[in-house]
Amino acid sequence: MKKFLALLLALAMMFSLAACGKSASSSESPAPAASGPMNEAPAVENETPTSSMDSIRYGVPLSVSTLQPFLAVGIVHPTIMYGVYEGLFSYKRDMSGMEPRIAKGYTTEDNLTYDIELFDYVTDSQGNKITADDVVFSFETMKATGLVSDLNKVESFEKTGDYSVRMVVNSTILSTFDNIMRSFVVVSQKAYEASSDGFASAPVGTGPYVVTDFQPAVSVTLSRRDDYWQTDDSQRAFMASANLKEITLVTIAEGSQLGVALQTGSVDAVTIPQTAGEQFLNNPDYAFFPLTSPLGFQIYCSGDSHSPLADNAKLREAIFRAMDTDAIIAVAYGGYGEKQYTFGPATAADFQQEWKNEDYFNYDLDAAKKLLEEAGYKPGELKLQMLIINMEAWSKTAQVIQQNLSQIGVELEIINADSALYVSYFNDPANYDLLLHNMTLPNLANIWERRYNADNFGGKTSNGFEDAKLQELVEACMYEDNHTPESVAAFHQYLKEQAYGRGLCAAQTFNFTKKEVGMVEPWYDYIGNLIFTCSTFA
Amino acid sequence: MARYILKRLLWMIPIVLGVAILTFVLMNFTEGDPAYIILGSSASEADVAALHEALGLDKPYLVRLLTYLRDVFLRFDLGTSYATRLSVSGELMYRLPKTLLLTIASLSIAILVGIPLGVTDAVNQNKLGDRVSMVLSLMGVSMPNFWLAMLLVILFAVKLHWLPAMGTGGLKYYILPALSGATGTIASLARQTRSSMLEVIRADYITTARSKGVKERDVIYKHALPNALIPIITTIGSAFGIQLGGTIVLETIFGIPGIGSYLATAVTARDYPVVQGGVVFLAICFSFIMLIVDLAYAFVDPRIRAQYAGKKGK
Chain A
1 MKKFLALLLA
11 LAMMFSLAAC
21 GKSASSSESP
31 APAASGPMNE
41 APAVENETPT
51 SSMDSIRYGV
61 PLSVSTLQPF
71 LAVGIVHPTI
81 MYGVYEGLFS
91 YKRDMSGMEP
101 RIAKGYTTED
111 NLTYDIELFD
121 YVTDSQGNKI
131 TADDVVFSFE
141 TMKATGLVSD
151 LNKVESFEKT
161 GDYSVRMVVN
171 STILSTFDNI
181 MRSFVVVSQK
191 AYEASSDGFA
201 SAPVGTGPYV
211 VTDFQPAVSV
221 TLSRRDDYWQ
231 TDDSQRAFMA
241 SANLKEITLV
251 TIAEGSQLGV
261 ALQTGSVDAV
271 TIPQTAGEQF
281 LNNPDYAFFP
291 LTSPLGFQIY
301 CSGDSHSPLA
311 DNAKLREAIF
321 RAMDTDAIIA
331 VAYGGYGEKQ
341 YTFGPATAAD
351 FQQEWKNEDY
361 FNYDLDAAKK
371 LLEEAGYKPG
381 ELKLQMLIIN
391 MEAWSKTAQV
401 IQQNLSQIGV
411 ELEIINADSA
421 LYVSYFNDPA
431 NYDLLLHNMT
441 LPNLANIWER
451 RYNADNFGGK
461 TSNGFEDAKL
471 QELVEACMYE
481 DNHTPESVAA
491 FHQYLKEQAY
501 GRGLCAAQTF
511 NFTKKEVGMV
521 EPWYDYIGNL
531 IFTCSTFA
Chain B
1001 MARYILKRLL
1011 WMIPIVLGVA
1021 ILTFVLMNFT
1031 EGDPAYIILG
1041 SSASEADVAA
1051 LHEALGLDKP
1061 YLVRLLTYLR
1071 DVFLRFDLGT
1081 SYATRLSVSG
1091 ELMYRLPKTL
1101 LLTIASLSIA
1111 ILVGIPLGVT
1121 DAVNQNKLGD
1131 RVSMVLSLMG
1141 VSMPNFWLAM
1151 LLVILFAVKL
1161 HWLPAMGTGG
1171 LKYYILPALS
1181 GATGTIASLA
1191 RQTRSSMLEV
1201 IRADYITTAR
1211 SKGVKERDVI
1221 YKHALPNALI
1231 PIITTIGSAF
1241 GIQLGGTIVL
1251 ETIFGIPGIG
1261 SYLATAVTAR
1271 DYPVVQGGVV
1281 FLAICFSFIM
1291 LIVDLAYAFV
1301 DPRIRAQYAG
1311 KKGK
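Chains A and B are the protein sequences, given in the same order.
1 is the number of the first residue of the first sequence in the working numbering; add one for each residue after it.
1001 is the number of the first residue of the second sequence in the working numbering; add one for each residue after it.
Treat the hints as calculated values from the structure; they're not laboratory data.
Don't be surprised by glycine CBs; every beta carbon is placed ideally from N, CA and C.
Just to be clear, a hint being listed does not mean it is correct.
[Stated by the list, open to error] Computed Cβ-Cβ distance ranges for the label pairs, DEER-style:
(1) 482/A to 1169/B: 37 to 43 Å
(2) 406/A to 1071/B: 49 to 55 Å
(3) 232/A to 1056/B: 44 to 50 Å
(4) 1132/B to 283/A: 39 to 45 Å
(5) 1169/B to 161/A: 33 to 39 Å
Throw the hints in and build the complete structure from the sequences for me.
Structure below.
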């Protein structure tokens, strides 16, 4: 009797867990947003907000434990980095480049030496004037941490006047200047050295916001400064627009709890997983801002000698043509996603719209089977391994691919790794046959340079291919002076022909606010974080 | 007794030393490079090597181990987080009160409910109440606390709006997490109490007490329960130690910045100083808890007290 009762209770609990499972998904690292004009008209009917609030509470999964400026990207929430601190330059609204912020501008003749001139009236929230000495100090402090690899491209960074500096870099690779400028912020040396904890709890920056409340790992409140130094609106950088009076970032690590927080009114806005967000769709009390994440997935084939994909272009193409991106979007992303048409996001500055009309590994099982046969394999003969990170969206995507490949008789084993293990394995193609990865940068050529430039990986690409022509083509588009639509198209075409890798698809992130928040135009940084302090409100 | 306490405190040193060495070895031979995690997927091998040097990860393993042991045991420095550059001991001190509050709240509920329930079940063995209680205990032990946590949130926060769904700020924020965390411990305490009491209430001295006309209430609570407390105290001590480091799921769900979530994040990020420092800290805490448990035995049982004092029990 006891055993029967125990079994009955266990079954009841299992069924209730299955019913709860859909909404209790755990939070992942944010599938960040695209750069540029990426707001699409909402696919569902939520009304346009008509009023705004002075103070907004935004639920974020990132735990903000410190407010120090000299840390690796992603440790401090970008809202703080963009709102409280400032760099020499900052992104334009459409992410097409950088615009002056603390610096007035720069000149360069060779893309190696940059002369940068500062505004001579920049002050921080304590009233300290910012000079070239502070800029040099900030750069050297950041570089000394070793936490930002882009700064290793700087050969020298020195003061040339009270309000001017000269930077010499050792690379003319595309976007080197932009990447360096976005990698560090400028603070007053005097204020920083006077701080007992390096601004960890009480930051002093030049930005249009100050931190007015901070509970480590719980919440941080930014309030707009009335004494922001840039009073000339024509010179004011877009990212310093400070349309919002006050914002509180509230740490909510669990994905389903983000939805609960919005529902119960603990927060006014969230970015949440789709499974937790569906309840707010078509709800007139909430405004919906979907965004196709620029961190979409790409797939790499292994060029290592152990892998059957290494020397078999037909096999690689067969595998890619068996992948049904529509099914991935429908099953893994609940229908909220978009295909990729090249190795990288469609929101990249150098993406070419005509690629959307090309045959980009279009799903075709018959063609895939034929290519598999031509590659020398019969159904059932081939077993491959795919390396992924053990996170929900990754697992679902891999499972759909696994099912797709089984239809052509290829067995796919999915290797789940935690994120730490994954980053140790993913640059060694001996660890996989197929690699699921996500990466984004403002330009496709930057992504290709990072992953397919053999100079970065000891003579082969990151996935182990040695291809002189590929190297020639990547070098033909990765520098400032040769990055042209033609050179970009040439690389895209060759990579497609060789099928060393492919773009797959990208999920949409669900951003919801209460209707009364009144956000008219959200702004997202280049990896897709929704930045309220740079957004526009009614 | 003082000598016993001193002896136990001295024994803690080699125990914590062993824990520190074991944790260091395990973390350093676990795959996953913290430099790659910090720098991201676009970092070159040269960048990774530069960060290894900055973090001291380029030094030989034994040098790093000895440096770490020196810092922990001679300088009482648990290190600095690779990610946040914050002092590990500072972060642990910030988070400890929140985890302690959650742990104490959970355990208090568990003790106040579990022990009387177990006593009642033992006294009414095999009656309907006992059977129902044991079934509920089985459910409590089997139920995942994160599942119960979400159900409580849906009911009390979303539907009824009686309690907050998450966060910190006052005692009301700890009610739902404490209830979620207490359920399993209530169940195990109730079962342990019932089992211990059943052994004791059949003893001759209990029969003697009854035959002398002692009230049943006094028989149970003054004569039986104190003699059944030893295994119950052990269960409470173990539960305390486990909850101190194991509330990561509840801390994540309810947004409580505690030690569990801190360590879990650090393990994923291979933030060695945080993991090593956190485990050493928890080892010290657990050692103190076990000492308190052993002293509680002495408080409850005079025979054990005499043993600790070095006298033969009479």
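Structure-based check of each hint:
no.: 1; hint: 482/A to 1169/B: 37 to 43 Å; in the structure: 57 Å, violated
no.: 2; hint: 406/A to 1071/B: 49 to 55 Å; in the structure: 53 Å, holds
no.: 3; hint: 232/A to 1056/B: 44 to 50 Å; in the structure: 47 Å, holds
no.: 4; hint: 1132/B to 283/A: 39 to 45 Å; in the structure: 42 Å, holds
no.: 5; hint: 1169/B to 161/A: 33 to 39 Å; in the structure: 50 Å, violated
Violated hints, in rising order: 1, 5; the structure is consistent with all others.
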